[in-house]
Each structure stands twice: as structure tokens, then as C-alpha cells.
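K.L.:
Sequence:
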Amino acid sequence: MRFLPGLICLLPLLSPLAHAELIDDVFDRGELRIALEANTPPFNFKDDGKLTGFEVELGQLLANELDVRADFVITDTSDLLPGVETGKYDVAINHIAMTADLKDRFDFSEPYSHTDAQLIVQKEEPQSMLLVQSLKEAVPKESQPVTLAIPFQKGNPAFHASLDNALQRIKADGRLEALTQKWFGADTSVEPKP
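If you count by mature numbering (1 follows the signal peptide of the UniProt record, and there is no 0), then the sequence shown holds residues -20 to -1, 1 to 174, one letter each, in order.
Simulated from the structure, these hints should not be mistaken for lab results. It is possible that part of the hints are untrue.
[To be verified] Label-pair distances were calculated between CB atoms; the ranges are:
no., residue 1, residue 2, range
1, D84, Q161, 33 to 39 Å
2, P62, A152, 32 to 38 Å
3, A141, G67, 15 to 21 Å
4, P125, F7, 33 to 39 Å
5, G165, D28, 33 to 39 Å
6, K68, A138, 29 to 35 Å
7, D56, A118, 34 to 40 Å
8, E1, P125, 29 to 35 Å
9, D84, D56, 32 to 38 Å
10, T79, L31, 32 to 38 Å
11, K162, E1, 18 to 24 Å
12, R85, A158, 16 to 22 Å
[Unchecked claim] Dumping the calculated DSS-like pairs for lysine-lysine here, alpha-carbon to alpha-carbon at most 25 Å:
no., residue 1, residue 2
13, K134, K30
14, K83, K134
15, K151, K83
16, K151, K162
17, K134, K26
18, K83, K26
19, K30, K68
20, K68, K134
21, K68, K83
Yeah, the Cβ is synthetic: ideal placement off N, Cα and C, and Gly gets one too.
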């Protein structure tokens, strides 16, 4: 009976209902599953068959900071957020604006960009998911500021902290600013927290 207290402590871990933290799944797989569309330059697109763009490079930097491989999964709007919600994808990096509706469904990383840009409302989620047009176009003065961040399943505080820490390091050492300059020629990145 000496093992009983230890066994009792382990029972929640053995339960099939025990919820694994997303960061553990990412580390176990050795990859971060990143959902995106490949048709919205300069954010993410294919160039001569190769996936590229601002958010592709951002996803690669984040995966590197987490010390895992970036597994980019090209999908469409109808599967992008539902796939994150069900755990099919770990995150979506697809110029997604943090809206009140989406905050009810997902947790978000800290912002990686604030921008004033025209908004494209997606057909499938007209008031939830907003996509930002290329920052190279002329932007009307009446456009509203948009905060871009990375959604993931709710209830994963360790993953949230890891993702935010990785993003903060990318901001602090100037890599996010350099990436923004490369793809947009303007600084729409967010300053690192002090």
C-alpha cells in the first residue's frame, strides 16, 4: 500500500479524458502544423511551385524558435479555422484579424502586426475572419486599424506562453521588422514588450 498515494496522483494522467497540452503534442511530433492559404501574396503564395511569403517566413521563424519543424498545410477558408478548432492544425497564420467573434472561439498569440489596410470580408465567415489586402496598395483614409495575430485552440496556456515568447524574441532582435520591410517595404510590425 506504499504506492497508493503515488498511484492516485497518476490516475488523472492515465485517464483518456485527460487533456494533453498542445505544446506537448507539438514537441512530441517535432513539428508545428501551420494552416494557411497559398493565394494571397505577399502574405502567402506559391512562386514557381515553392511556398513563400511574409507569413510563410514568419511561421518558419516561429517553428525554429520552438525548436521544431514547420509543417505548412495549404488549405482553404472553409477548413482553415475549423481545422484549428478541431486540432487538425496547431495554428493558422493567414493574416487573421483578432475580432470579438474569433476571441470567443480561439486563443490568440500576441499581435505580430498592426496595420491600417483595406479589409476583405470572407464569404464563409463574413463578420469573423478579416483578411488584409497587400500593404503595397493605396489604403483609404477611412480604413480601420487591424490587429493580426495567430489563433490556436483555447485552453493551452503553456503553448500560448511558448508561442508568445518565440514571437517576442523575433520582435526583439529585429527579425520581424526586417521581414516586414522585405515583404511590404513598411513597418507594420508590433514593438516588443518591455
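K.L.:
Would you mind marking each hint as holding or not holding in the structure?
P.N.:
So, going through the hints one by one against the coordinates:
The given range of 33 to 39 Å is respected by D84 and Q161, whose C-beta atoms sit roughly 34 Å from each other. The supplied range of 32 to 38 Å is met by P62 and A152, whose beta-carbon atoms lie about 34 Å from each other. A C-beta distance of roughly 19 Å is found between A141 and G67, which places it inside the suggested range of 15 to 21 Å. Between P125 and F7 the CB atoms are about 35 Å apart, so this pair conforms to the stated range of 33 to 39 Å.
The hinted range of 33 to 39 Å is not satisfied by G165 and D28, whose Cβ atoms lie roughly 22 Å apart. A beta carbon spacing of about 20 Å between K68 and A138 contradicts the range 29 to 35 Å that was offered as a hint. For D56 paired with A118, a C-beta distance near 28 Å fails the hint of 34 to 40 Å. Range check, E1 to P125: about 33 Å between beta-carbon atoms, so the 29 to 35 Å window is met.
Judged by the Cβ atoms, the range 32 to 38 Å given for D84 and D56 is violated: they are separated by roughly 23 Å. A hinted range of 32 to 38 Å is violated for the C-beta pair T79 and L31, which are about 26 Å apart. Take K162 and E1: their Cβ atoms lie about 34 Å apart, and the range 18 to 24 Å is violated. For the hinted restraint 16 to 22 Å between R85 and A158, the CB-CB distance of approximately 32 Å leaves it violated.
Among the hinted pairs, K134 with K30 is inconsistent with the structure: their alpha-carbon atoms are about 32 Å apart, more than 25 Å. A hinted pair counts as satisfied when its Cα atoms are at most 25 Å apart, and K83 with K134 qualifies at roughly 9 Å. With a CA separation close to 23 Å, the supplied pair K151 and K83 stays within the 25 Å bound. Of the supplied pair hints, the one linking K151 and K162 holds, its CA atoms being roughly 15 Å apart against a limit of 25 Å.
Taken as a hint, the K134 and K26 pair is broken in the structure, with Cα atoms around 31 Å apart against an allowance of 25 Å. Distance check on the hinted pair: K83 and K26 sit about 30 Å apart at the alpha-carbon level, beyond 25 Å; violated. For the hint linking K30 to K68, the alpha-carbon distance of about 23 Å falls within 25 Å, and the restraint holds. Under the criterion of a C-alpha separation no larger than 25 Å, the hint pairing K68 with K134 is consistent with the structure, at around 14 Å.
Distance hint between K68 and K83 is fulfilled; the C-alpha atoms sit about 19 Å from each other, no more than 25 Å.
Hint check: violations occur at hints 5, 6, 7, 9, 10, 11, 12, 13, 17 and 18; the rest are consistent with the structure.
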